[in-house]
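Novice: Sequence lines, in order, name chains A and B. First residue of the first sequence? That's 1 in our numbering, and the numbers climb one at a time after it. First residue of the second sequence? That's 1 in our numbering, and the numbers climb one at a time after it.
A portion of the hints provided could be inaccurate.
Which copy is meant is left open, so a pair is good if it fits within one copy or across any two.
Claimed, not checked - Below 25 Å or equal to it, Euclidean Cα-Cα: the simulated SDA-like pairs (lysine to any residue) are:
| no. | residue 1 | residue 2 |
| --- | --- | --- |
| 1 | Lys242 | Pro213 |
| 2 | Lys43 | Gln137 |
| 3 | Lys43 | Asp141 |
| 4 | Lys43 | Glu144 |
| 5 | Lys242 | Ser182 |
| 6 | Lys43 | Leu31 |
| 7 | Lys43 | Ala147 |
| 8 | Lys43 | Ala17 |
| 9 | Lys43 | Tyr140 |
| 10 | Lys242 | Arg186 |
| 11 | Lys242 | Ser218 |
| 12 | Lys242 | Glu231 |
| 13 | Lys43 | Gly146 |
| 14 | Lys43 | Asp122 |
Note that these hints are calculated values from the structure, not bench results.
Protein chains: 2
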Amino acid sequence: MAKGKAERRRANLRDVATAANVSVATVSRVLNAPGTVAETTRKRVEEAMTSLRWVPSAAARAINSGRTRFIGALVPTLVHDIYARVLGSLESQLALHRLSLVVATTQDDPEIEARKARGLIDIGAEGLIVSGMTHAQDFYDLIERGAIPVVATSCHDPRYFLPTVGYDNAGAARAALDHLRSLGHRRILVVHGPSANNDRTRARIAGIIDHDPQAELSFLESPLSIGGGCETVRGIDWSERKWTACLCLSDVIATGVLFELQRQGVSVPSQVSVIGTDDLPGSAHLCPELTTVHLPVSRMGLAAADAIAGWVETQETPQDRLLDFDLIVRASTAPAAQDGS
Amino acid sequence: MAKGKAERRRANLRDVATAANVSVATVSRVLNAPGTVAETTRKRVEEAMTSLRWVPSAAARAINSGRTRFIGALVPTLVHDIYARVLGSLESQLALHRLSLVVATTQDDPEIEARKARGLIDIGAEGLIVSGMTHAQDFYDLIERGAIPVVATSCHDPRYFLPTVGYDNAGAARAALDHLRSLGHRRILVVHGPSANNDRTRARIAGIIDHDPQAELSFLESPLSIGGGCETVRGIDWSERKWTACLCLSDVIATGVLFELQRQGVSVPSQVSVIGTDDLPGSAHLCPELTTVHLPVSRMGLAAADAIAGWVETQETPQDRLLDFDLIVRASTAPAAQDGS
DNA sequence: CTGAAAGCGCTAACAA
DNA sequence: TTGTTAGCGCTTTCAG
Numbered sequence: 001m002a003k004g005k006a007e008r009r010r011a012n013l014r015d016v017a018t019a020a021n022v023s024v025a026t027v028s029r030v031l032n033a034p035g036t037v038a039e040t041t042r043k044r045v046e047e048a049m050t051s052l053r054w055v056p057s058a059a060a061r062a063i064n065s066g067r068t069r070f071i072g073a074l075v076p077t078l079v080h081d082i083y084a085r086v087l088g089s090l091e092s093q094l095a096l097h098r099l100s101l102v103v104a105t106t107q108d109d110p111e112i113e114a115r116k117a118r119g120l121i122d123i124g125a126e127g128l129i130v131s132g133m134t135h136a137q138d139f140y141d142l143i144e145r146g147a148i149p150v151v152a153t154s155c156h157d158p159r160y161f162l163p164t165v166g167y168d169n170a171g172a173a174r175a176a177l178d179h180l181r182s183l184g185h186r187r188i189l190v191v192h193g194p195s196a197n198n199d200r201t202r203a204r205i206a207g208i209i210d211h212d213p214q215a216e217l218s219f220l221e222s223p224l225s226i227g228g229g230c231e232t233v234r235g236i237d238w239s240e241r242k243w244t245a246c247l248c249l250s251d252v253i254a255t256g257v258l259f260e261l262q263r264q265g266v267s268v269p270s271q272v273s274v275i276g277t278d279d280l281p282g283s284a285h286l287c288p289e290l291t292t293v294h295l296p297v298s299r300m301g302l303a304a305a306d307a308i309a310g311w312v313e314t315q316e317t318p319q320d321r322l323l324d325f326d327l328i329v330r331a332s333t334a335p336a337a338q339d340g341s
Numbered sequence: 001m002a003k004g005k006a007e008r009r010r011a012n013l014r015d016v017a018t019a020a021n022v023s024v025a026t027v028s029r030v031l032n033a034p035g036t037v038a039e040t041t042r043k044r045v046e047e048a049m050t051s052l053r054w055v056p057s058a059a060a061r062a063i064n065s066g067r068t069r070f071i072g073a074l075v076p077t078l079v080h081d082i083y084a085r086v087l088g089s090l091e092s093q094l095a096l097h098r099l100s101l102v103v104a105t106t107q108d109d110p111e112i113e114a115r116k117a118r119g120l121i122d123i124g125a126e127g128l129i130v131s132g133m134t135h136a137q138d139f140y141d142l143i144e145r146g147a148i149p150v151v152a153t154s155c156h157d158p159r160y161f162l163p164t165v166g167y168d169n170a171g172a173a174r175a176a177l178d179h180l181r182s183l184g185h186r187r188i189l190v191v192h193g194p195s196a197n198n199d200r201t202r203a204r205i206a207g208i209i210d211h212d213p214q215a216e217l218s219f220l221e222s223p224l225s226i227g228g229g230c231e232t233v234r235g236i237d238w239s240e241r242k243w244t245a246c247l248c249l250s251d252v253i254a255t256g257v258l259f260e261l262q263r264q265g266v267s268v269p270s271q272v273s274v275i276g277t278d279d280l281p282g283s284a285h286l287c288p289e290l291t292t293v294h295l296p297v298s299r300m301g302l303a304a305a306d307a308i309a310g311w312v313e314t315q316e317t318p319q320d321r322l323l324d325f326d327l328i329v330r331a332s333t334a335p336a337a338q339d340g341s
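Produce the complete structure using the sequences and hints provided.
Specialist: The structure is reproduced here in structure tokens:
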């Protein structure tokens, strides 16, 4: 069988009607209310459909119903476990609402986001899911103008312009810090991802800065990748004991840090404690198993799907949703060694 | 500002025309051929558009042009770096063709795939990207009937019913085996992902089975996750020296294996060599850095995007595309220790 | 340069 | 149970 295909004009409802010797209304009925059509007529129509290889036109249906049945998601990148997992549960939950998911990536650039948002609306997205609360003015104008449902995820702020479905980033970071503090750590190196255009990262940083004046925190910004985490701590001489713990505001960075420490022969947690934030699937299996703050990204995808689906369905703005995080203590943190600091 | 929005009827072209005191045709013209409209008229129309907050209807445009400008991608899961990366480059390359990407996940189940494929076509996808060559009959009927462009990725087979864009899975696995063999390994444990419904995994297995009769291969199936890799090799006592190397047909599994070996105190590569297949971004940073076979997933996404875009644009079936893989030798493999086997 | 009018493929009253 | 017909919002001739 050849891979090409002859290009006839696609059959439409009228063709089917003619072939089956009925009116277009009857054909439409076998589609939308098969019960109201006589058995024999229906058979005839269905045969006509198959023999003409008729395929319904989504656009025509959409123009009548006013619905396209898909929503758009704007995420910084697909290549990060956290967004992949959100999108995964978003997709499956939207499918339950008979909605599809169009994805677009923004590279954390508000301008790109605004542009892609326009594209999504242009092709008919009924609603949008975005990440965080940092957006371009163009973007706000766009949704203001289109009056299109948009929910923001990965964050929580009832005062925000859009409904938010997410967790308390500041609180999560604080929980990590508190854990380290309770273990007696005072001098702590905080490694975080890029904070430009990323309010989640900024919220995490803000959550720990000034939270505990007794803690002596140093901050280092790292690319949001395993390699980035490695490089960021590459030059550090841990034997100086300048810090007894490393608080990573993201698990991918923590993973890189762990790898690099191991490579340097620094033992975790006896020499340095390491804690992450996110709880990726792999984090539980690292050596040592990574202590981290679990963020409920799957539940978040689910909740966001329900929120947007309800909104496009009922026209009613959803409630903000705050999901819990959980400190997961594993093997990468331990009490600070006593020393005369 | 409230999060809700009053729900007026959305303005349409006619409303704009009336407001601007022109005909709908003129309004349409300022949209599609601004040059042919008098400066002053155009101004007036544009003002009407903004003041009425007019937003074009995607469905109406689609019904006329016959185009929806989006294509659907069916992947087993989003939560695997490899698919995330393919989709990432697919999305950005399709964007260059002014096409959007709708994603749907199949859980490696052909029935789900067929169902979701129907859903994608129903909402108007102009083309489909699928993974591999294992599909349900329903699926084939569907695309046969809809005469819709479909390209298969992650594999390569010119004899296949659909155009394929991908790499030689058998060859990649063979390259990994050859590397191990050249290092003197003979007794090798092969750990692979689930092979049911997954022709890529089966191809990799087939690629090494019987390839080198001198090698003594044992096969173990593992879930496709880091945790799966860990568990699969958990019970093994490597000191028995039953195998001197472990060939993982997927990097996520190799990652789990590496973690588990480290936990057991088995040293890699001096006691056991480990090699993966895929080359994930994190693989280069593992301890030890993972030797693996690099699969060009980003280039593949790009090529697949071009293939499908060209197809929906020109109606011409694209060529199959074979992309090269590369053995990346890093630190997790070493010559087999001499022993009297 | 502009307008009138005929559709695109389908749904949904309303009649019969 | 079935048919007729008027749109849905927009593009596109074809005439002015």
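Novice: So which of the earlier hints does this model not fit?
Specialist: Result: no hint breaks.
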